[in-house]
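Engineer: Each chain, written out:
Protein chains: 2
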Amino acid sequence: MLETKLKAFLPLLIQHLFLYHYLSSLLPISMACNNKFTLDSVRDALIREEDSIVFSLIERARFPYNAPAYDPSFLGNGFSIAEFYVRGTESLQAKIGRYQKPEDVPFFPKDLPSPLPPTKYSQKVLLHPASASVTVNEAIWKFYFTELLPLFTTKGNDGNYASTVASDFVCLQAISRRIHSGKYVAEVKFTDAPQDYSPAISSKDRDKLMDLLTFVAVEEAVKKRVEKKARLFSQNVTLDENDSGKTQYKINPLVVSHLYDKWVMPLTKVVEVEYLLLRLS
Amino acid sequence: MLETKLKAFLPLLIQHLFLYHYLSSLLPISMACNNKFTLDSVRDALIREEDSIVFSLIERARFPYNAPAYDPSFLGNGFSIAEFYVRGTESLQAKIGRYQKPEDVPFFPKDLPSPLPPTKYSQKVLLHPASASVTVNEAIWKFYFTELLPLFTTKGNDGNYASTVASDFVCLQAISRRIHSGKYVAEVKFTDAPQDYSPAISSKDRDKLMDLLTFVAVEEAVKKRVEKKARLFSQNVTLDENDSGKTQYKINPLVVSHLYDKWVMPLTKVVEVEYLLLRLS
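If you're matching them up, the sequences are chains Z and E in order. Counting from 1, position 233 in the first sequence corresponds to residue 233 in the numbering used here; the numbering is continuous, with no gaps. Counting from 1, position 247 in the second sequence corresponds to residue 247 in the numbering used here; the numbering is continuous, with no gaps.
Keep in mind the hints are simulated off the structure, nothing from the lab. In this text, all values refer to a predicted model and were calculated from it rather than measured experimentally. Please note: incorrect hints may appear among the correct ones.
Each pair may be met inside one copy or between any two copies, as identical chains are not told apart.
[Stated by the list, open to error] Capping the alpha-carbon separation at 25 Å, the derived lysine-lysine pairs in BS3-like fashion look like this:
hint, residue 1, residue 2
1, Lys-250, Lys-228
2, Lys-142, Lys-262
3, Lys-204, Lys-246
4, Lys-142, Lys-189
5, Lys-246, Lys-223
Could you build all of it, start to finish, from the sequences and the hints given here?
Structural biologist: The following block contains the structure:
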């Protein structure tokens, strides 16, 4: 009986060991500690990404909403300034080797140029086929511009469109990187308990997978931590030690916990589910 | 006697009033409070820029030094990855209207494209001829890559060259913007006391101007404040309230005060001096 069960898991185990080794080689240093790819190391990378997201939002908040930057008729070439800039920069970054890691997903993947030779990096690291196809960037683009941006920028137009959309792109990339790191989260969770996930994967049960991937207490802690980071990083720092109670925050800390609650964590789980559904293919 | 003196200052006064009005129209909102262009408002903008510089350094420190990104032979097209990326992004940003404000100075100004029509911003805001020619970007490029970068990045090579040079560019732009805001500093200082600066300007006495622009106590306070910001912003934030004493900083706070002491403040004063030398032309 036990032997039968073990035999049933053997192909899974071999595949797992292969993928484990493969994915470890792709991991950023912060995730791959001593070549170990663990939930702790992935979690540390996600926590570090929170700082990047908070910094990027604070930097975007230097400028008002600047509606003309998002008007598709403004440049006269069919693109908004934002889309024109993101497309151009993604093309440039692809040429120098970006978009080859599972968490770096372009917003406009069509017609991206190949890396210029010789990029050692691009030869060493290839996208895993299953993880490469998972993207929620369309959803990120939409919520960022239509829902999030008005929450943390002031109304108005100061004409600084180039700086504005460059800041938008940094926000989009940081948020996208965090959300698509869900591929690593899914991989380590699956690795730790394949028996928990395999039935739901086989039956393509998205709801069941979503349940398995949801930990309310962890999510509450994340929301509290990002709000704390927003408070610390967006305060006006002075040399007066008694000044900290009077600070005006550059962004509302509650907007950051809302961002995580409404979009970042749910979309991360969508990425995890979609990755898992491809995991046994 | 008094009348003669007043007459001598009259052309200066007229020029000043013109420039005052002109420069106010160029100022970012944070500097131009109620259309008033004062030392306080310029100082507030410089203090805000400190946060941007600290954030950008923390973000760059996510990656090790990554020497191949700076090797001019790596891409095979004559440029290092860093230079290729900065040139490409500056070109893209120029197309959408950047580099038209006195503090936004490109690192590679030759052959920058014109803004795509119709950009309302570019029609409204033109560079002031005297301030546009003042640039210390060559010095910034040099100290950043050869001296600063090794101080706050770890040794090593993780292959993330595209993300690395994108982060470098954010650092370079923030540092350059802060330093070239010296043009505003010089303008308000001159405006407040033209009689103090005019003799040294007329005799092209750079040393005297540098003396007039140096306030040791202010510089010491700036160094302390940026170090404090680096400590606050680069700490590892946890929900454990008793954890703050044990934090590991993502960048050494002393590197940031050193950056200001050795490069940012001296080069800002070089910009101020060069601007003043053109101020009466």
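Engineer: Each of the hints needs a verdict: does it hold here or not?
Structural biologist: How the hints compare with the structure:
no., hint, verdict
1, Lys-250 x Lys-228, "both (13 Å within a copy, 17 Å between copies)"
2, Lys-142 x Lys-262, "within (13 Å within a copy, 44 Å between copies)"
3, Lys-204 x Lys-246, "neither (53 Å within a copy, 45 Å between copies)"
4, Lys-142 x Lys-189, "neither (29 Å within a copy, 46 Å between copies)"
5, Lys-246 x Lys-223, "both (24 Å within a copy, 22 Å between copies)"
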